Amino acid sequence: MNAVNGLTIAVPRGALFDGTVDLLTALGLDTDELRSNDRKLLFEDIGVITMRPSDVPTYVEAGAADLGVTGKDVLLEQSAQTPGEGGREVYELLDLGYGRCVMVLASKAGPDPALEALRRLGVMRVATKYPRIAARHLEETGRQGEIVEVKGSVELAPLTGMVEAIVDLTATGTTLRENNLVVREEIVVCTARLIANPVAHKLKAAAIDALLARLRELPAAARGRGAPDVPEPLSSA
Amino acid sequence: MIHPIPSGTRDVLPEETREVRAITDTLRGVFERHGYGEVYTPALEYESVLARADMAEAKPAYRVFDETGAVLVLRSDMTVPIARVVATRYAASDTPLRFCYFAHCYRGVRPQRGHPRELLQAGIELIGAPAPHGTVEALTVLCHSLDATGLKDYRVGLGDASLFPALMASLGVPDSARPALLERLVLRDFVGLELGLSEAGLAGEAAQLLLDVPQRRGGPEVLADGVGSIADAVTGLRQVHELLEPDVAERVIFDLGLVRNIGYYTGAVFDVYDPELGAPIGGGGRYDELLGRFGRSLPAVGFALGVDRLHIALAGEERGTGALLAASSPKGEPLSADGGAAPRIAGAS
Chain A
1 MNAVNGLTIA
11 VPRGALFDGT
21 VDLLTALGLD
31 TDELRSNDRK
41 LLFEDIGVIT
51 MRPSDVPTYV
61 EAGAADLGVT
71 GKDVLLEQSA
81 QTPGEGGREV
91 YELLDLGYGR
101 CVMVLASKAG
111 PDPALEALRR
121 LGVMRVATKY
131 PRIAARHLEE
141 TGRQGEIVEV
151 KGSVELAPLT
161 GMVEAIVDLT
171 ATGTTLRENN
181 LVVREEIVVC
191 TARLIANPVA
201 HKLKAAAIDA
211 LLARLRELPA
221 AARGRGAPDV
231 PEPLSSA
Chain B
1 MIHPIPSGTR
11 DVLPEETREV
21 RAITDTLRGV
31 FERHGYGEVY
41 TPALEYESVL
51 ARADMAEAKP
61 AYRVFDETGA
71 VLVLRSDMTV
81 PIARVVATRY
91 AASDTPLRFC
101 YFAHCYRGVR
111 PQRGHPRELL
121 QAGIELIGAP
131 APHGTVEALT
141 VLCHSLDATG
151 LKDYRVGLGD
161 ASLFPALMAS
171 LGVPDSARPA
181 LLERLVLRDF
191 VGLELGLSEA
201 GLAGEAAQLL
211 LDVPQRRGGP
221 EVLADGVGSI
231 ADAVTGLRQV
241 HELLEPDVAE
251 RVIFDLGLVR
261 NIGYYTGAVF
271 DVYDPELGAP
281 IGGGGRYDEL
291 LGRFGRSLPA
301 VGFALGVDRL
311 HIALAGEERG
321 TGALLAASSP
331 KGEPLSADGG
341 AAPRIAGAS
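As you go down the protein sequences, you meet chains A and B in turn.
Going by our numbering, the letters in the first sequence line up with residues 1 to 237, in that order.
Going by our numbering, the letters in the second sequence line up with residues 1 to 349, in that order.
In case anyone wonders, no lab produced these hints; they're calculated from the structure.
Only a predicted model underlies this, so the values are computations on that prediction, with no experimental measurement involved.
Some hints could be false.
[Claimed, not checked] Have a look at the derived ranges for each label pair, beta carbon to beta carbon:
#, chain 1, residue 1, chain 2, residue 2, range
1, A, G152, B, A70, 49 to 57 Å
2, B, E221, A, G152, 52 to 60 Å
3, A, L115, B, R319, 54 to 62 Å
4, A, E139, B, P130, 52 to 60 Å
5, B, E199, A, R184, 20 to 28 Å
6, A, R214, B, P42, 49 to 57 Å
7, B, Q208, A, G142, 46 to 54 Å
8, B, E199, A, D18, 29 to 37 Å
9, A, E139, B, E221, 56 to 64 Å
10, A, D30, B, P130, 51 to 59 Å
11, A, E139, B, R113, 25 to 33 Å
12, A, D45, B, L211, 30 to 38 Å
13, A, R177, B, E199, 27 to 35 Å
[Stated by the list, open to error] Just a few of them, taken from the derived set where beta-carbon distance is under 8 Å, the chain A residues facing chain B:
#, residue
14, E61
15, G63
16, V199
17, K202
18, L203
19, A205
20, A207
Note that beta-carbon positions come from the ideal geometry of N, C-alpha and C, so glycine has one too.
Just chain B, same shape as in the assembly (with noise of 0.2 Å):
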């Protein structure tokens, strides 16, 4: 008998399981080691409370309604529940709070590989913590987990996301034309926004530069023409990079056109990208005005990295190298006899 699952949802097997736990057991090791406490919230939340987050492209797609009537949904992320419990439970505490999730979240996805509408991510929210140096924490926890699991070619990318629109406000883009060209951004549609930019009247220098900054990627050098309106966005990059240790620093990209489809992101934004995967593997960002909407006012930052997608790239790189036949034993028997972690996997503890 077949017995159908919803569509962009699986059943993950024991061989399956163990890889993944692997990823996760290394990744918590580290969440913990720097502080970060982990947390269960409800996968079902009132829509009502969640709704105070811009959540933008990445919207609650799951509702249902309880015995009252009352609309609840499938969490969509952790960075909003987990606002919404700081400003419950931690209301007085002191700052900065340091937490930690390993949680499926549901998204209304097309769904294709490494696209799940079941989705387990595991990440960090360090809030009470300002840029820079909450910025510079959580880029670090990043780059040492992700080296704990043994991704060897990943890098981050890092932009801001007030930088485009600072940008269109000091060259004079009218009010109105602002929403259409960030969405041509946000669709990385490059020759849209050149003819955006044409119908919104603009040319000349002005259009060059909205045109070609968002372009801009690549090592510190991206920094150095800091130009008027960007000046602020890229005084906050350079000061990250600046207090990153060189070993974080080495992996960082910098892209002045990043820009993430989750509308709560204030601040440093960033993605992370493997050369065996078409998509990012996770990504984060601050969101310095979120926690004020949930009633205590707190800068904040986190990233979440989509598991099954780190464990594809993780994959990628081992082929050929037979680190995940070692891995993985056929029988189905323990990984090893040596503390449970796969050998690419060992360096963690």
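Pulled out of the complex, with its shape left as it was, chain A reads as follows (with noise of 0.2 Å):
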């Protein structure tokens, strides 16, 4: 069968790629060869490129896809720090509700340390993959911090020494645990989101919204959704 509806979808490579090719395969696309070619990135005759999924804001952005599936912990990294400094001019249509992760603040057991340096010296210091969530988080809870930007294991730097706390996300605590760290705060619970391009939401509506009147159809168990069980504290900074 060929793309959904003539649309153009960013699938992000990753935790979220089973999810999304499930869900495109109960839209009734032939989704074999995107399955079995993990080397393959443009498949044009079902209307599928794959990226990473800190690229497919980029790419809906642009225009290059009309829509795109990503987490929302990606869009909330990449929205704007400031009014008026433009977040990516994106729509976001749909929680999927897979891939369900919790953001946290972490660190290591114990009395905690990062409280200890606060107190002490006023300032927590953060390592993180996610510099604008964990300084908006830390901003928006009145605690001065330094966020120290790393772009392997996070989990690491508290280790070290580097660092008080981490900012991450979890799926299941595991390797947090495994690392001897505790969740300290939840942030915020991120799960895939349909977003889509301004113009192509304008220009082709009617394909766009029979698309989210047919996922919205879809059986819960299909979509992996469960009712959004925690507010989005960052969502309206």
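Taking the hints as your guide, dock the two standalone chains into a single complex.
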């Protein structure tokens, strides 16, 4: 079958890939090659392009894809820091429900080293791959922090004493536990979101609305959807 | 030697300038034929003067001090300076007044294709012409201008800035919750809007309407059921639609969720889309309260096109047709001998 309603969809490789491909299958797309060929990036006959999740908003904003699937964590990290700065100009259309993770602030087990640093030194150092989310969370909770951006395993940073805490995404908490870290605060629950290019949203309105209607009709199991059980304190920031 | 220029700015060299000039000359011709007189205003203005307008997301981003210590800003649009001009230089003139401009504006955006920090805008302002006739004239000039440049596949999204606030008021959304909900709509975050509605204690039909109405867009059929609270806005849009010439009306997509990120809009608002570009080429709307802030209360409407974006869209539509190659000679010769306009733009005069 051809692309869904003639739309181009940006599909994230990585943790959200399987859920997204299941969804496309449920919509009637022939996803065999998409599943089997993990080196190919462009699947023109089914209107799918694949990329890392943090690139999805970039392609959708530029109009290289009409729609995309990415995590709320990516959208929050790329949203505007200050009014007027302009975040990603994409429409966030639907919470797809799968890929549920929690953005947490964690520190070493035992007496919280972050609290001690705040009390005695006035600043807590926080390592993260999400510097904007971390900075916003500290600001909104009235704490001074020094954000240390790292690209690799964030868990290493507090174990070496470089920082007192981390802000990271966790699905099960296993990696945190294995590194003797405990969750101190839950910042926001993140799930997969369907986003759209603003121009495609107008010029291909019928196709996009038809797709949305079909997605809403899919049984909860196919969408992996649970009720959004935690409000989103960051989304109003 | 490489000498840098500020992020979001760029140099425009002769070949590109020729193409841009062909576009602006065409637009100027259409604006002038419709009776719009071109104005220049200073790029630098007093911050305290421009601050009379509610610019929201498009506030001036660049500030300097002059020799007396006054704060100057680089203008972020031309609508507010022209409102100032009308109040000071045309304080007693008959209306309507018609102005057009081709001017650089400066914004603190994240630089990317079509989003420069120094932005060349081409636009008109129609001062003293209330809805619906003023709106119809602005939309007509807009479409005639774009047609003259040769842009083929564009559409104009038409909505009403007062629609969502009116809907919230009539459905009993608490005052305290309204700004946050409107902000989520401005951010196009429908998931956040749905959550925000339930957090504000709204459920059932009211919540469903607040979520559905801003997602309604399409032909005149979306104006069919103007339920009580949005009846005024929908009636206004219907009046505009009935007065449009068929060639303009066929370009219009009604969009009940259209909101612009500039605060001074009061009624009809519009955005211009082309499939070749992932962002609007331009837009505008009614700003019936802005002039009053400068001391001469007049209804007004206007639009601005991003000339660079229009150029990108034209180049995109021409790709593969050979028209662009024909328009810009690689050796830097004049575009054509027969009047100086590019082939795609020849129909203008």
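Checked hints:
Between A:G152 and B:A70 the Cβ separation comes to about 50 Å, which falls inside the hinted range of 49 to 57 Å. The beta-carbon spacing between B:E221 and A:G152, approximately 54 Å, falls within the hinted interval of 52 to 60 Å. A hinted range of 54 to 62 Å for the beta carbons of A:L115 and B:R319 is consistent with their spacing of about 59 Å. At roughly 45 Å, the beta carbons of A:E139 and B:P130 sit outside the given window of 52 to 60 Å.
A hinted range of 20 to 28 Å holds for the C-beta pair B:E199 and A:R184, which are about 24 Å apart. In this structure, A:R214 and B:P42 meet the distance hint of 49 to 57 Å, their C-beta atoms being roughly 54 Å apart. Checked against the given bound of 46 to 54 Å, the beta carbons of B:Q208 and A:G142, roughly 37 Å apart, lie outside it. At roughly 31 Å, the beta-carbon separation of B:E199 and A:D18 lies within the given 29 to 37 Å, and the hint holds.
Checked against the given bound of 56 to 64 Å, the beta carbons of A:E139 and B:E221, roughly 46 Å apart, lie outside it. For A:D30 and B:P130, the hinted distance range of 51 to 59 Å is satisfied, since their beta carbons lie about 55 Å from each other. About 31 Å separates the C-beta atoms of A:E139 and B:R113, a value consistent with the hinted range of 25 to 33 Å. For A:D45 paired with B:L211, a C-beta distance near 35 Å keeps the hint of 30 to 38 Å intact.
Between A:R177 and B:E199 the CB atoms are about 32 Å apart, so this pair conforms to the stated range of 27 to 35 Å. The beta carbon of A:E61 is positioned within 8 Å of a beta carbon in chain B (closest approach about 6 Å), and the interface hint is therefore held. Because the beta carbon of A:G63 sits about 2 Å from the nearest beta carbon in chain B, less than 8 Å, this interface hint is met. Checking A:V199 against chain B: minimum C-beta separation of about 5 Å stays under 8 Å; hint holds.
Annotation: A:K202 was flagged as interfacial toward chain B, and the flag holds, the nearest CB pair being 5 Å apart, inside 8 Å. For A:L203, the interface hint holds, since its Cβ comes within 8 Å of a Cβ in chain B; the closest pair sits about 6 Å apart. Using the Cβ-Cβ criterion of 8 Å, the hint placing A:A205 at the interface with chain B is satisfied: the shortest such distance is roughly 5 Å. For A:A207, the interface hint is violated, the least distance from its beta-carbon to any beta-carbon of chain B being 12 Å, above 8 Å.
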